[in-house]
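Student: Listed below are the residues making up each chain.
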Amino acid sequence: MAVSKTLPIMIVDDYSTMLRILRNLLGQLDFNNVVDASSGDEALQKLLVSSDIGLIISDWNMQPMTGLELLKAVRANAKLKHIPFIMVTAESKTDNVVAAKQAGVSNYIVKPFNAETLKSKMASVLGPF
Amino acid sequence: MSSPDIHIDDAQNYLQKVVTKLRAQNRADTEPLLAILEHIAQYIQVTKREISSLRVADGNESFFATASDELGEVVAESANATNEIMSAAEAIERLDPAQEGRDALNNAVTRIYLACGFQDITGQRIAKVIRTLKSVEAKIAALATACGGEVEQRMMGASGPPQDEESRLLNGPQLRGQAQSQDDIDKLFESAN
Numbered sequence: 028m029a030v031s032k033t034l035p036i037m038i039v040d041d042y043s044t045m046l047r048i049l050r051n052l053l054g055q056l057d058f059n060n061v062v063d064a065s066s067g068d069e070a071l072q073k074l075l076v077s078s079d080i081g082l083i084i085s086d087w088n089m090q091p092m093t094g095l096e097l098l099k100a101v102r103a104n105a106k107l108k109h110i111p112f113i114m115v116t117a118e119s120k121t122d123n124v125v126a127a128k129q130a131g132v133s134n135y136i137v138k139p140f141n142a143e144t145l146k147s148k149m150a151s152v153l154g155p156f
Numbered sequence: 046m047s048s049p050d051i052h053i054d055d056a057q058n059y060l061q062k063v064v065t066k067l068r069a070q071n072r073a074d075t076e077p078l079l080a081i082l083e084h085i086a087q088y089i090q091v092t093k094r095e096i097s098s099l100r101v102a103d104g105n106e107s108f109f110a111t112a113s114d115e116l117g118e119v120v121a122e123s124a125n126a127t128n129e130i131m132s133a134a135e136a137i138e139r140l141d142p143a144q145e146g147r148d149a150l151n152n153a154v155t156r157i158y159l160a161c162g163f164q165d166i167t168g169q170r171i172a173k174v175i176r177t178l179k180s181v182e183a184k185i186a187a188l189a190t191a192c193g194g195e196v197e198q199r200m201m202g203a204s205g206p207p208q209d210e211e212s213r214l215l216n217g218p219q220l221r222g223q224a225q226s227q228d229d230i231d232k233l234f235e236s237a238n
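Protein sequence lines correspond, in order, to chains A and B.
For the first sequence, this note's numbering assigns the number 28 to the initial residue and increments by one for each residue that follows.
For the second sequence, this note's numbering assigns the number 46 to the initial residue and increments by one for each residue that follows.
In case anyone wonders, no lab produced these hints; they're calculated from the structure.
Think of the CB as a built atom: it goes at the ideal place given N, C-alpha and C, for glycine as much as any other residue.
Take these hints with a grain of salt, some might be off.
[As the list claims (entries may be wrong)] The calculated label-pair distances, taken between Cβ atoms and stated as ranges, are:
hint, chain 1, residue 1, chain 2, residue 2, range
1, A, Gln55, B, Cys161, 15 to 25 Å
2, A, Asn104, B, Gln223, 31 to 41 Å
3, B, Gly162, A, Ser151, 52 to 62 Å
4, B, Leu178, A, Gln90, 42 to 52 Å
5, B, Lys93, A, Gln129, 22 to 32 Å
6, B, Ser236, A, Ala105, 28 to 38 Å
7, A, Gln90, B, Lys93, 54 to 64 Å
8, A, Gln55, B, Ser236, 49 to 59 Å
9, B, Leu159, A, Val125, 38 to 48 Å
[Claimed, not checked] Simulated crosslink set (DSBU-like; lysine-lysine; CA at most 35 Å straight-line):
hint, chain 1, residue 1, chain 2, residue 2
10, B, Lys232, A, Lys108
11, A, Lys73, A, Lys99
12, A, Lys146, A, Lys128
13, A, Lys120, A, Lys108
14, A, Lys138, A, Lys108
15, A, Lys138, B, Lys232
16, A, Lys32, A, Lys128
17, A, Lys120, A, Lys106
18, A, Lys73, A, Lys106
19, B, Lys232, A, Lys120
20, A, Lys138, A, Lys73
21, B, Lys179, A, Lys146
22, A, Lys146, A, Lys120
23, A, Lys138, B, Lys179
24, A, Lys99, A, Lys120
25, A, Lys138, B, Lys173
26, A, Lys73, B, Lys232
27, A, Lys73, A, Lys128
28, A, Lys128, B, Lys66
29, B, Lys66, A, Lys120
30, A, Lys108, A, Lys146
31, B, Lys173, A, Lys120
32, B, Lys66, B, Lys179
33, B, Lys184, A, Lys106
34, B, Lys184, A, Lys120
35, A, Lys120, A, Lys32
36, A, Lys32, A, Lys73
37, B, Lys184, B, Lys93
38, B, Lys232, A, Lys32
39, A, Lys99, A, Lys138
40, A, Lys99, B, Lys66
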């Protein structure tokens, strides 16, 4: 069954420009129910308040809570651990991919990326749309 | 018992007085000591000169504050340009070809071209920072050479405090040609356990 375009998606990045880019790209894919957070801590707080988020798309290099730490916190929480989590990051070393995979990331996009890559990785974790 | 605060200039002046007094005694048995003291005095002089040259010509700002300001401006200008480009692109998306004239489209496109001019300005700022960093690097190398021996080896081989696992994974964007592509990442992701 195709994923609903009303699925709430959370985007997390400490650069407002990247949040705007992600929101625009998701809008082009007809996903307009987007919640944003400019830090891992803010993301976690919003997730705990509203656990109907259907997908998390997060940067890695943020402070004080990195995207990897956010991922680990999500996977450690019984209410949140099921949420698909895509890392979108400039961190492209092998160690990073392995660490993210071991922490339970659903997919991994390296910056800079294009709309087609975002769509295919979202489809791989959510199903076709 | 704690040592009193000693300023390097006071120490240098005192050292110079000791050297002058020993020279005035003109004793052969103090020559080795004089040679060592004069070497120490010269070393202090070189170190002070190298450190003081790490300030820009006007003497009011350090290289580091100036470089930080420039990079801060680069970030701000890049963000402004990006927002302007995105706003213009969004304006184009909203255009109704049946209603809007060519002028509206040209206006949005012009805004994009103008916003892309940020690269010229930020490129110049980054060039200034690169020159600053190279200058600082040369000064540090000269300081390391002036220190000599074990200090030089430790300064030139310093890798900073040991990193924890999280910090070790924070490397940021890689240089072009060294970064893994999305295809590389996909293959790695599939094979990683």
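Student: So, for every hint listed, does it hold in this structure?
Tutor: Checked hints:
1. For Gln55(A) and Cys161(B), the Cβ-Cβ distance of about 22 Å falls inside the hinted range of 15 to 25 Å, so the restraint holds.
2. Remark: the range hint 31 to 41 Å for Asn104(A) to Gln223(B) is upheld by a beta-carbon distance near 36 Å.
3. The hinted window of 52 to 62 Å between Gly162(B) and Ser151(A) is violated, with their beta carbons roughly 39 Å apart.
4. With their beta carbons about 23 Å apart, Leu178(B) and Gln90(A) fall outside the hinted range of 42 to 52 Å.
5. Evaluation of the 22 to 32 Å hint for Lys93(B) and Gln129(A) yields a failure: the beta carbon distance comes to about 52 Å.
6. Evaluation of the 28 to 38 Å hint for Ser236(B) and Ala105(A) yields a pass: the beta carbon distance comes to about 30 Å.
7. One distance hint, 54 to 64 Å for the beta-carbon pair Gln90(A) and Lys93(B), is violated here, with the actual separation near 37 Å.
8. At about 31 Å, the beta-carbon gap between Gln55(A) and Ser236(B) misses the expected band of 49 to 59 Å.
9. The supplied range of 38 to 48 Å is met by Leu159(B) and Val125(A), whose beta-carbon atoms lie about 44 Å from each other.
10. Between Lys232(B) and Lys108(A) the alpha-carbon distance is near 25 Å, which keeps this suggested pair within the 35 Å criterion.
11. Taking the CA atoms of Lys73(A) and Lys99(A), the gap is near 16 Å; set against the 35 Å cutoff, the hint holds.
12. At most 35 Å may separate the alpha-carbon atoms for a hinted pair to count; Lys146(A) and Lys128(A) meet this at roughly 20 Å.
13. Restraint check for Lys120(A) and Lys108(A): the C-alpha separation of about 25 Å stays at or below 35 Å, so the hint holds.
14. A hinted pair counts as satisfied when its Cα atoms are at most 35 Å apart, and Lys138(A) with Lys108(A) qualifies at roughly 25 Å.
15. Under the criterion of a C-alpha separation no larger than 35 Å, the hint pairing Lys138(A) with Lys232(B) is consistent with the structure, at around 16 Å.
16. With a C-alpha separation of about 27 Å, the suggested pair Lys32(A) and Lys128(A) falls inside the 35 Å cut-off, and the hint holds.
17. Distance hint between Lys120(A) and Lys106(A) is fulfilled; the C-alpha atoms sit about 31 Å from each other, no more than 35 Å.
18. As the CA atoms of Lys73(A) and Lys106(A) are separated by approximately 13 Å, the hinted pair is consistent with the 35 Å bound.
19. Proximity of Lys232(B) to Lys120(A) is assessed by CA-CA distance (about 13 Å); at most 35 Å being required, the pair is judged to hold.
20. Between Lys138(A) and Lys73(A), the direct Cα distance comes to roughly 25 Å. Compliance with the 35 Å bound is thereby established for this hinted pair.
21. For the proposed pair Lys179(B) and Lys146(A), the alpha carbon gap of about 43 Å is over 35 Å, so the pair is violated.
22. For the hint pairing Lys146(A) with Lys120(A), the CA-to-CA distance comes to about 23 Å; that is within 35 Å, so the pair holds.
23. With a C-alpha separation of about 28 Å, the suggested pair Lys138(A) and Lys179(B) falls inside the 35 Å cut-off, and the hint holds.
24. For the hint linking Lys99(A) to Lys120(A), the alpha-carbon distance of about 19 Å falls within 35 Å, and the restraint holds.
25. In summary, the hint linking Lys138(A) to Lys173(B) is supported, as the alpha carbons are separated by about 27 Å, within the 35 Å threshold.
26. As the CA atoms of Lys73(A) and Lys232(B) are separated by approximately 33 Å, the hinted pair is consistent with the 35 Å bound.
27. Proximity of Lys73(A) to Lys128(A) is assessed by CA-CA distance (about 24 Å); at most 35 Å being required, the pair is judged to hold.
28. Proximity of Lys128(A) to Lys66(B) is assessed by CA-CA distance (about 72 Å); at most 35 Å being required, the pair is judged violated.
29. With a C-alpha separation of about 63 Å, the suggested pair Lys66(B) and Lys120(A) falls outside the 35 Å cut-off, and the hint is violated.
30. Annotation: proposed proximity of Lys108(A) to Lys146(A) holds, straight-line Cα distance about 22 Å (limit 35 Å).
31. This hinted pair checks out: Lys173(B) and Lys120(A) have alpha carbons roughly 30 Å apart, not beyond 35 Å.
32. For the given pair, Lys66(B) sits about 42 Å from Lys179(B) by alpha-carbon distance, which is inconsistent with the 35 Å threshold.
33. With a CA separation close to 55 Å, the supplied pair Lys184(B) and Lys106(A) exceeds the 35 Å bound.
34. Note on Lys184(B) and Lys120(A): the hinted pairing holds, with a Cα-Cα distance of about 33 Å set against a maximum of 35 Å.
35. About 33 Å separates the Cα atoms of Lys120(A) and Lys32(A), which keeps this hinted pair within 35 Å; it holds.
36. A hinted pair counts as satisfied when its Cα atoms are at most 35 Å apart, and Lys32(A) with Lys73(A) qualifies at roughly 21 Å.
37. Simply put, Lys184(B) and Lys93(B) have alpha-carbon atoms about 11 Å apart, close enough for the 35 Å limit, and the pair holds.
38. Between Lys232(B) and Lys32(A) the alpha-carbon distance is near 29 Å, which keeps this suggested pair within the 35 Å criterion.
39. Restraint check for Lys99(A) and Lys138(A): the C-alpha separation of about 21 Å stays at or below 35 Å, so the hint holds.
40. Between Lys99(A) and Lys66(B) the CA atoms are separated by roughly 69 Å; this puts the pair beyond 35 Å, and the hint is violated.
Hint check: violations occur at hints 3, 4, 5, 7, 8, 21, 28, 29, 32, 33 and 40; the rest are consistent with the structure.
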